[in-house]
Amino acid sequence: MLDDAMLETLRRRAFDLRLDSLNAVAAAESGHPGGTLSAIDLLQALYFVEMKHRPKEPHWPERDRFVLSKGHAAPALYSVLAHAGYFSTDLLPSLRRLGSPLQGHPVNFLLPGVEASTGSPGQGLSVAVGMALAAKLDGSAARIYTLIGDGESQQGQIWEAALCAPKYALDNLCVILDHHDARKPLAERWRAFDFDVRTIDGHDYQQIAGAFDAARAAQGKPALIVAETVEGKGVSFMENQRASDGVAPNKEQLAQAIAELRAAQPEPA
Amino acid sequence: MGATARPGAGTTGTSVATRDAFDEALARLGETHPEIVVLDAELAESTPGTGFAQRFPSRFFRMGRAEANLIGVAAGLSLMGKLPFCCARAGSVAGRFDQIKMSVCYSATDVRIVGSHAGVGIGEDGYARMGLEDVALMRALPTMAVIQPADDLETAGAVEYLVTHRGPAYLRTTRQKLERLNTDRYRFEFGKGVTLVDGKDLTIVASGGTTSGAVQAAELLAKDGVSARVINIHTIKPIDVDLLVKAARETKRLVTVEDHQVTGGLGGAVCEALAERAPVRLRRHGIPDVFGESGSPAALFRKFKLDATGIASVARALLDR
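In order, the protein sequence lines correspond to chains A and B.
Mapping to our numbering: the first sequence position 208 is 208, numbers consecutive.
Mapping to our numbering: the second sequence position 188 is 188, numbers consecutive.
Quick caveat, the hints were computed from the structure, so don't treat them as lab data.
Each hint should be verified, as a subset may be incorrect.
Stated by the list, open to error - Residues from chain B shown here face chain A by an in silico Cβ test under 7 Å; the list is partial:
{"hint": "1", "residue": "A66"}
{"hint": "2", "residue": "N69"}
{"hint": "3", "residue": "G72"}
{"hint": "4", "residue": "V73"}
{"hint": "5", "residue": "G76"}
{"hint": "6", "residue": "L77"}
{"hint": "7", "residue": "D98"}
{"hint": "8", "residue": "S103"}
{"hint": "9", "residue": "Y106"}
{"hint": "10", "residue": "A108"}
{"hint": "11", "residue": "V314"}
{"hint": "12", "residue": "L318"}
Said to hold, decoys possible - Okay, the calculated bits of chain A under chain B, using three or more residues with CB under 8 Å as the criterion:
{"hint": "13", "region": "21 to 30"}
{"hint": "14", "region": "110 to 117"}
Note that CB positions come from ideal geometry on N, CA and C, so glycine has one too.
Kindly produce the complete structure, drawing on both the sequences and the hints.
Set out below in structure tokens:
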């Protein structure tokens, strides 16, 4: 259980992360705000609650690994990594600019903290399976996390990986599905592939942390967390607007989005 | 003037499929390199029982016919410090181009992709199972090295080299046995072409399964008084530009020979290199932008003029032009 002080810190940082992500996408005049905002709470929970990692020592061998399979949520990952201390938040506005290490989709050899280059849908899960297999071979306690999206769940490679991970009993692997397309009920399919499956509210930090605890306790099976999320979470005109993902907010929209996010902030204690 | 073979060049009577030579070499290296792991796309059943799988079962992964996932898993293993060799059919694995591009190359891994069953040399299975465009695909990827050994000793040398190479690599091997061209003293040098036969009238640039045929073609041509140089290009990327330029300048005519489409393979690579540095009369010889088909390997090599007689006839035609 997360205590009240921790919850308060996470909620306040979630505001900063959303603000920084939206500012970066708006400055770049391109990107995927919907799929970015849906993933921010999950990513914050990973990097600030769940994973063992050392931002000042990004190659620490014992670290847990995270692969952003849904690479188009890059601004969310960049904001979380910057706030965690991997690099300065000053870099965030350079998103998608020529020469910036903050490429439109994450590139591992350009930015500390990015474990694999992703952005072509459906590939990150296989990479995470390989990492989990290596950790098992080495008897390492490192855990491997990956965030996959609804869209890429249509890729055949996702289901090749889904067949593979249980075969090697990769209970050090935790797959998080950022799920906001109700037309695709996926939990039963993952259960049928022999994953340890639970469904949570992907914006509720208490539930997210609880699901990570349960995944860590699962023996002999990889875990899959169906995180029910809201695309564009926190900004009324982006929420559940499939058409708006892939379109950056203009100046007026950005101002409105920031105003909405600020209004939703808890009162200072 | 007749062709003068370098010591050790020419056929020696020993012949081994390079995919088998690969497995033997890897099993040997597995002892001293615990980081080596092997991912197999259902090829193990058709390889001998003395290889890596039997010696190191915990480091051998049967991934089934799921090559896209296999490639991604290999990338993940490499990012954790393992040295993965992916064993799959050249035709199937090169088709997972996007996985190789993103998860292997763009993620800066050290994955080795071993495409076996190269070319029409597989014979009866026909075009569906022939890797005929794999070199073109792999060569197009930034950071990817492309190696195609011509015999078992070169395969062993290449595999040994690949243990230390940094960055991704593609190794193309054959199902059919290849006659040994090198001696036990052979040293594999990455990126360096090997002059197997010296000559001055034209150069035959060969690679992989066509190389012994090229050496025999030079012997046939010598009987006609034609002095043919034979260069074995085992490293197609990065290619040995200096050796090719020297051959172009000295012999004025070149024939490239490969069991692969002439578009984008060895022929493409040689043309690209020479067009910029030493334009020369050149013939790209291989599969001429057509599909492969079923037949015995020998019949197919005859049909596509990849045997000694065929290669010699293509060389003669170039001389007559």
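For each hint, the structure was consulted:
Hint status for B:A66: holds, given a least beta-carbon distance of 4 Å to chain A, under 7 Å. For B:N69, the interface hint holds, since its Cβ comes within 7 Å of a Cβ in chain A; the closest pair sits about 4 Å apart. For the restraint placing B:G72 at the interface with chain A, the shortest Cβ-Cβ distance is roughly 2 Å, inside the 7 Å limit, so the hint holds. At its closest, the beta carbon of B:V73 sits 4 Å from a beta carbon of chain A; the interface hint therefore holds under the 7 Å criterion.
At its closest, the beta carbon of B:G76 sits 2 Å from a beta carbon of chain A; the interface hint therefore holds under the 7 Å criterion. A cut of 7 Å between beta carbons decides the hint on B:L77: the least distance to chain A is about 4 Å, and the hint holds. At a threshold of 7 Å, the smallest CB-CB gap from B:D98 to chain A is about 5 Å, leaving the interface hint in force. Taken as an interface hint, B:S103 checks out: its beta carbon lies about 5 Å from the nearest beta carbon of chain A, inside 7 Å.
Checking B:Y106 against chain A: minimum C-beta separation of about 4 Å stays under 7 Å; hint holds. This hint holds: B:A108 has a C-beta 4 Å from the nearest C-beta of chain A, less than the 7 Å allowed. At its closest, the beta carbon of B:V314 sits 41 Å from a beta carbon of chain A; the interface hint therefore is violated under the 7 Å criterion. Annotation: interface hint on B:L318 violated; nearest CB of chain A at approximately 43 Å, more than 7 Å.
Under a criterion of three residues with beta carbons nearer than 8 Å to beta carbons of chain B, the stated coverage of the region 21 to 30 of chain A fails, only 0 such residues being counted. Counting residues of the region 110 to 117 of chain A whose CB lies closer than 8 Å to any CB of chain B gives 3, which reaches the minimum of 3, so the coverage claim holds.
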